[in-house]
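Chemist: The chain contents come next:
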Amino acid sequence: MEPARKTEQTPWEPRIVAFLCRWCSYAGADLAGVSRLSYPPTTRVILVPCSSRVNPYHILKALMEGADGVLVSGCHPGDCHYLTGNLLARRRFILLKRLLAYMGVEAARVKFSWISASEGEAFAGLIREITEEVRAVGPFQGFLRETGEDVYDR
Amino acid sequence: MVRLKRVTSDFLVVGGGISGMQAALDMVEMGLKVVLVEKTPSIGGHMAQLDKTFPTNDCSMCILSPRMVACGRDPRLTILTLAEVREVTGKPGRYAALLREAPRKVDPRKCLGCGACAKACPVERPSAFNEGLVKVKAIDRPFPQAYPNAYAIDTAACVACGKCVEACPAGAIDLDAAETFYRVKVSGIIWAGGYRLGNIDALTRYGYRRFEDVITSLEMERLLSSSGPTGGKLLVPSTGREPESIAFLQCVGSRDVRFGRPYCSSVCCTYAVKEALLAREHCGGPVETRIFYMDIRTQGKGFERYYMRAEKEGVQFIRSRVVSVDQRNGRLVLTYSPETGGVREAAFDLVVLSVGLVPRTAASLEPALPEPGPYGFLRPSPERILKEPGCLPAGATACPRDIPESVISASGAALQVAPLARTRKTRPVAPPVTWGDREPAAAPVRVGVFVCHCGTNIASVVAVREVRDFAAKLPNVAYAGELLYACSEDSQTAIRKAIKKHALNRVIVASCSPRTHAPLFQETIHQEGLNPALFEMANIRDQCSWVHGDAPDRATEKAKELVAMAVAKVRTHRPLTPQVLEVTHKALVIGGGLAGMTAALGIARKGHGVTLMEETDRLGGMALRHRAFWDGRPVAPFLSALEAALRGNDRVTIRTGAQVTDIAGYKGNFEVTFQGTDGETRDRFGAIILATGALEWRPEGLYGYGRDDRVITQTALNDLLARAPERLKNLRRVVMIQCVGSRNEQRPYCNRVCCTQAVLNALALREAAPDAQIYIAYRDVRTYGLREDLYRAARGKGVLFVRYDPQRPPDVRVPDDSDITRPITVRLFDPILETTFEIPAQMVVLAAAMVPPEGNQPLARMAKVALDPDGFFLEAHAKLRPVDCATEGIFLAGTAQGPKDMEETIQQAFAAAARACGLLSKQTLEGEAAVAEVDEARCAGCGLCEMVCPFHAIEIDAKKQVSVVNPALCKGCGACVSSCRNGALHLPNTDDAQVVDMLKALG
Chain A
0 MEPARKTEQT PWEPRIVAFL CRWCSYAGAD LAGVSRLSYP PTTRVILVPC
50 SSRVNPYHIL KALMEGADGV LVSGCHPGDC HYLTGNLLAR RRFILLKRLL
100 AYMGVEAARV KFSWISASEG EAFAGLIREI TEEVRAVGPF QGFLRETGED
150 VYDR
Chain B
0 MVRLKRVTSD FLVVGGGISG MQAALDMVEM GLKVVLVEKT PSIGGHMAQL
50 DKTFPTNDCS MCILSPRMVA CGRDPRLTIL TLAEVREVTG KPGRYAALLR
100 EAPRKVDPRK CLGCGACAKA CPVERPSAFN EGLVKVKAID RPFPQAYPNA
150 YAIDTAACVA CGKCVEACPA GAIDLDAAET FYRVKVSGII WAGGYRLGNI
200 DALTRYGYRR FEDVITSLEM ERLLSSSGPT GGKLLVPSTG REPESIAFLQ
250 CVGSRDVRFG RPYCSSVCCT YAVKEALLAR EHCGGPVETR IFYMDIRTQG
300 KGFERYYMRA EKEGVQFIRS RVVSVDQRNG RLVLTYSPET GGVREAAFDL
350 VVLSVGLVPR TAASLEPALP EPGPYGFLRP SPERILKEPG CLPAGATACP
400 RDIPESVISA SGAALQVAPL ARTRKTRPVA PPVTWGDREP AAAPVRVGVF
450 VCHCGTNIAS VVAVREVRDF AAKLPNVAYA GELLYACSED SQTAIRKAIK
500 KHALNRVIVA SCSPRTHAPL FQETIHQEGL NPALFEMANI RDQCSWVHGD
550 APDRATEKAK ELVAMAVAKV RTHRPLTPQV LEVTHKALVI GGGLAGMTAA
600 LGIARKGHGV TLMEETDRLG GMALRHRAFW DGRPVAPFLS ALEAALRGND
650 RVTIRTGAQV TDIAGYKGNF EVTFQGTDGE TRDRFGAIIL ATGALEWRPE
700 GLYGYGRDDR VITQTALNDL LARAPERLKN LRRVVMIQCV GSRNEQRPYC
750 NRVCCTQAVL NALALREAAP DAQIYIAYRD VRTYGLREDL YRAARGKGVL
800 FVRYDPQRPP DVRVPDDSDI TRPITVRLFD PILETTFEIP AQMVVLAAAM
850 VPPEGNQPLA RMAKVALDPD GFFLEAHAKL RPVDCATEGI FLAGTAQGPK
900 DMEETIQQAF AAAARACGLL SKQTLEGEAA VAEVDEARCA GCGLCEMVCP
950 FHAIEIDAKK QVSVVNPALC KGCGACVSSC RNGALHLPNT DDAQVVDMLK
1000 ALG
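So the protein lines, in turn, are chains A and B. So the first sequence is numbered by numbering that gives the first Met the number 0: it starts at 0 and just counts up by one. So the second sequence is numbered by numbering that gives the first Met the number 0: it starts at 0 and just counts up by one.
Since the hints were derived computationally from the structure, they do not count as laboratory data. Just so it is clear, the structure is predicted and the values come from calculations on it, not from any experiment. Please note: incorrect hints may appear among the correct ones.
Unchecked claim - Stretch-level coverage of chain A by chain B, calculated; a stretch enters the list once three of its residues show a Cβ under 8 angstroms from a Cβ in chain B:
(1) 76 to 85
(2) 113 to 127
As the list claims (entries may be wrong) - A few chain A residues facing chain B, derived, Cβ under 8 angstroms:
(3) A31
(4) G32
(5) S37
(6) S51
(7) V53
(8) H57
(9) Q140
Quick reminder that beta carbons are idealized off the backbone N, C-alpha and C, glycines included.
Excised from the complex, chain B in its bound form (with noise of 0.2 angstroms):
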């Protein structure tokens, strides 16, 4: 029987990886509803299957897996997996749409993770989660940390046997489920549908299906991952030893116009550096990495750096093209021409090919999407920028991106349409635990005990009855029970029975992790009045059961240890309740050039009041020197159309000609303090944007610069170009020099814009001087992602681009006596030719590094946020946080936060405004509930603690010499109080004391 659902929402989400993931907790964030669709059995998209992530090698899964949890049990986020759009109607504000979702045949509801199906299953299918590297049953959890976390069955494999359907001990499996399908009305749609991997004919021509040992670099992932089919052992393949050699080809199927795909994917290379780094991290034994690339792009933040600690770590770079690759005595063999010409040969255990995104499209959402750009992808034009969007792509379907280029996209797609949303009040969701004060006596203390069977998890190796019965003589405790499924619906009536008929007024639950299941099981202890501080989990499954089943008796005694000592600890727990803090619903920009304008126009069209801030006389920045976007798109029009935006919005404040020099308060309630014109004032936000931009070093010295005024800088030529492109004309040869001041020692960073910004300049200039000839001294040529199509028009148009090495670097010599009829010679050393050859300019043009103000120090001072070490405001998170400040309520927008270009700088200012959104859409803010407290007594002032805490939360008060914690501001994290040498900090409910009871009662 097909069923038909209707649904209303605010926004419907279209893919459930990270970019929709989050775009949807965004929306929520904001207060509106959002329909989440996937098409796979869980959301987490590619990232779920990474293993880790550059360039910090966090682990993949364990950054990811949060977020997922996040969005199952926002009550305002309705996830459909298994589920696609089949049709969409309407306009931007009325969207309907229909959504087919595949019967799942097990309900995620009833479904307790055990297994017992997947064992029983006769049918085996490749496991898409390890792109096949092993086969699964034909019923399967898609990945351990799945959300919704329940089996599903690939109706394409099963084979309805039944045997699943007898196995399952919760009832959860029904074989006949149907279809659902969904009519939902929206105001607004995000497409998220990601990328798939490049093309197979790209990947064959590279030995991949012909020879076992070649593989792509996401079946990598999963080799190096430990969870993946060899438990993150690198092996290879077809001998199942570790390698002894790596060959990694980069622009499989990207920057190749044979297979349709001339851009550049603009990933590989930083994935292939990690896998490399991960390869010899893995090998017990040396193994050769080799990277056969034509230029190393390594244009994010930090990756530069991640580039030269591969280098020194020994990975290999060569520059080269590969012509094939064949088997020879079960080895890989690799036929290459490198730089310098011929062909050589190279024999690999393991060849790993950097495979291209390929942007995902959905013929559905058409209607509402935006006119397809080059190769698929979905570029949105200014004006949908500028107009209210109704439908946004966000991630990779857009242009290939990163993850956190992925992570900036989505939430600023979410802000954009957020003005949209039938919700126009925040609905006050209640949070899922809520910390009332409904408290019982605090004492006499009675603890239960509940100690879960977890079916046959933890009843098969530990004795629970023996557990249950040696916890009903603990101290304290007033009853002890035992549970079938402590998470079942059933069990929570069970607990609430218990507490009223015993009067608990303190609960154990010895059952599994605390981190997946602790916020449940304090939900109900709580509907029963009691503070969700007086519970406590003994974990006897993941931490004892599991990992235990070969000495059962020992695991017995392990956990009635554990349960005793959680009854030690929760005996002295007391209720916490956190602090309320108030929201000034009004945000500060700082900063009024491209970041700070989008920003604040964000911010004021979602609804809020906003105050941009510029230092100078006049909006716009550095923006105002650029004469156009790297697609050629002019910047002037679209400026004035924002500030025009700006400055007819009565929810914008602007500010001129003024400066911070103080903020004191925290996240909700900042206070400010100007200097301006008018003197000295104050007011409060709740939220701040640090868009304070960046500089154009002056390379001083450098090729003749500052000697010879026709040595000038790309943003000089810039201007040039747009005033003045007469005084060009006349121009017979031109040198480019590329990474002026950086990717040098002093600045280990990419300028990320230059390339293309040189290409870019240099295309205009065969317009304005036709007969000039202009060459490029590059490095790498980093026209990434679909900027390759300029670095290819530039070489059609005749542009010559000559490689040149930092230890050999152009040689400019400018004529002793400014004569300006006497050319700069410029001599260059080439390494293909191996000659050194000369050109008589008569005009140099230096792409120089972009740098932060020097105002950026007292202003992260003040702001208490953190630098990078080049200068630049340093996100919380470099992969899912990369807008936000570890301070909360402190945002980044624009080349404040590191290099990068204007169509991005506006990308990361509307991300930076959804989540400043977030935070002021809300009526009051929760703080930390365990916080760490202050015995006045004992303290002696000495200021240790202010020193070690992260989160500057700690002050010394100047009047009464004792410190002082900032509730607002303290994280929980208990360093403080380890530091105290006089004992006089506590962290409620994980006191020194209470640790101490914990190993009183061991044994």
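The following block holds chain A by itself, in its conformation from the complex (with noise of 0.2 angstroms):
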């Protein structure tokens, strides 16, 4: 997807890619629903077993693929339905952290949160949060330097 399409037809929204694993984040997410909590439309969810199963690259995918901010989402530590697996997220994701920075991504594009099954009003206020976030620093313009190719066989 290219960016720029869109901005010729309307104004210029930011695109967020959102990973929520299955067990509390996406349940949050839910409840915002039942809650009929309003959020902007920006968030694309894709559903995961574990914020473990995001791997650094689906992050990066997501901003190549045309994503202005990509959100993770886990369950609060301790309530980890796999025990530590919102843990390994969050030590991936302090490393991914820096290796953005050196790419020049700005802070404010990838986000990694907790949010419990019960929290459907932080999942709203969340959602807004990053959405006035990513508009504030823009449409992403890709990484300092391309890396391209798929590193997965299909």
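Hints given; two lone chains; assemble the complex.
Modeler: Have a look at this one:
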């Protein structure tokens, strides 16, 4: 997808890919819906079993495919359905953060959070917040150095 | 017209709270049929109302809701809501119960949960779920996650105007619906009626109902809850502003003889700590939180750390008696008397009353139930435990209990009555979704997309037709259609017809959440011969139409993209079949103490083989050193009856003098190696119970222990009282010191049992040494629950309780020359009198901590289970899986899991046996369908995946130097897949390539 295409038709709106874990954050997003909490339609959710399923590559690839921001959200520490997956995800994320900074990606574009199944309001608030933060840094302009190829075989 | 239905089942469970649900679920796990009766419109009970649960601050609803869904889905479990028991006759094995089900007036099978009826209803009433803090309509759904997830009419409020009938799009409402009676024949009954909140007189005494800002702890839960009346904002009712100061008043209607409730409610201290912590979290500004208490009783596992954390975070604890609550200048003024005497005042914005628990009683069940005990609690006698009872209480009806204790008692009760069941053989019941291998040819891929209107829930925001037309043009889409309600019965028929007509081999439903609805659609496509894994959902309601009502165009765009992503993903889905695991129908119990013996008997009675393994040459463990249960019942006769029952049961194999040296395998199929007197042997088991107990810590060097024989532990005093009480006859002064080696930095846990044990021993010593003055030096007296009666009795008999501060512990000096004619000098600082006084004592008794045996560590490694920071075994979930280990097939009983007394040990042992029997009752077990796979050609054998796997499901094959996944252990989280540097690991249907396909399908 090319980000430029959209801007021709309508004013630019941030596009955010959200990786949500099945057990907590996806349920929190559902609860926001059940509670009819309004938030901007900027996210595209990808359901994953656990935040630890999210590979840093997925985050980079999302940006390469046209996302302006990426959210990864898992269970709160101690609540992980798979015991420690969320902590693994956090560890990977810390490393990725540094890499992204090195590649010239603004910190606001990629966010990690804990949202529990009961935190509908927190989820809606988070999406509002991220949307504004990504809006502030504008459309994603690509990495300083293009990486290109898929690293996975089909 | 009154209807009468006849039902035959195995068991009747009365009460649909967490206890009743747990008992019912454990029974169906054991292959039995259950009728569950709940008097409100939804199961869930009090736990559904709680915001968070202590001590982990886990969201209550999040952990409860899956249990409710599990109850609703099991075909062996019949749930009757708005129903109550009218009459019970018969005896164990043959009960007949008459049930009355009040008319709901809404057919839950037809109700779509759209809410049109409530919108139309003109009548308001206070919301029971929100403790009356808000109003709801006469027709309403109790709470969003309710089961049955349908609306119900409150007949007391309804004016029968018929507006809801007109508004309902599904024709689900019948205002003329009548009550139904059921005549139920069962073998046994579990009474899980739960509790109600304490005495209203006790509440009004502290300003409740007089002042708006004096609220109960349960109202506080609702104010804290994000699903509550204020959306999780803590607001003072009268001002609507955040409070700057909150007071929590403990023991309101508990530990209070004035209101006929002298017992301790057991849970209020810890929930007050929780509510204080949450209040601090919720409030934007600084908030003062003070807890006014008599003793802080945080005796449960992990609770002491929770208490310490609250202190550190600034919650203030004030040992005092509150005299009154008044209102002055718009603020609530507390008059209280602190420990040091005098009267003080303090003003607050909000006062929370920590209300005690009162057991619910059921007159209609009385013919079957055990004799009511003190204060209406139903405590089954030991005879009932050893015989085969037909009717048992569970949860807070038996004594004041928190959630894990209730769950344990419910599982335990389920197991104890289970042998009476009519269903002798396990009924093979098909799981809700069966994963067959009836597969159409894999290629070419033909996707069917079904876009749901959900009445107007989706269609009023998202242009459904546009989404369908968009979907029809996507690659591989062979069919795209619309459905009014995708979940309705006629839609299932439509989906099946479309699969056949268009030869679909992949299906997308664009509607609501896969969490709630995927199993339904997967079952549907499977009926048409498609593997359930060839399915995907696009959530265009909960995560689209419901949250983007103000931007319909962009919501439609989003819906399209979500569908495109789902199509892109499902294209490469492949059929999955979960592993079928065989089950060895035999259990191993490690540890032959009270816990192990009880668990083994429970399993054998249920009809499974069991091996009871004990390291020493004698059964009984620490229980051999105890004189009495906390209520005074002697231990020895119970223990010998238990041993006789075990030895007389041919399903039980007892192996003494043996040790476990290796555990291999997984749930259903463990292979255990023993080292015994007869050398090394091996055996297979389906389940393992760890009941290795705990030891009394030897407080060498503390308070003169080890230097003077007259300084002994409570266990040693127990021995003396049992075997040589005459040696105690001439004692003049005895000092007991509490919390020796516990509640400190090294062991930051409460030992739970020692306050009761000290009081019990003090009472016995009163008899053995009538002239002795007994002092108990304590930090908090933690005679929780009904044990409070003992504390009161001891004080009545002149036992002196002197509090000590851990900063100024008792000073014990033993004579240098070990001259036992000279007294031991104990110096105690009394914080009430603010003086130190000296006691020349002939005996000092230390309440030494319980510590885990050293053998726990190697055993934990062998069984692949975790230990908690104190070295006890760690349960899978502190609240709802208190006897399960995270590793499936392994269960916990007794003090191996943490300090507890013998009564609690027995309960937990039965609970562990219940969980083990649930597994052993099955012919086969089903593993996860989506498990990690290794591409050996790419694997470098680096071992990173082995390291990150939380379930120890991956090992490096020593010969081939590649990773090997054990599909029986893998839970499909994908942590390994993302850790692999070579891309050698794959998680089918959530693989990297599929994630990338979804990203490419964006806009």
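Chemist: Under the constraints set out in the numbered hints, which ones does this structure not fulfil?
Modeler: 9
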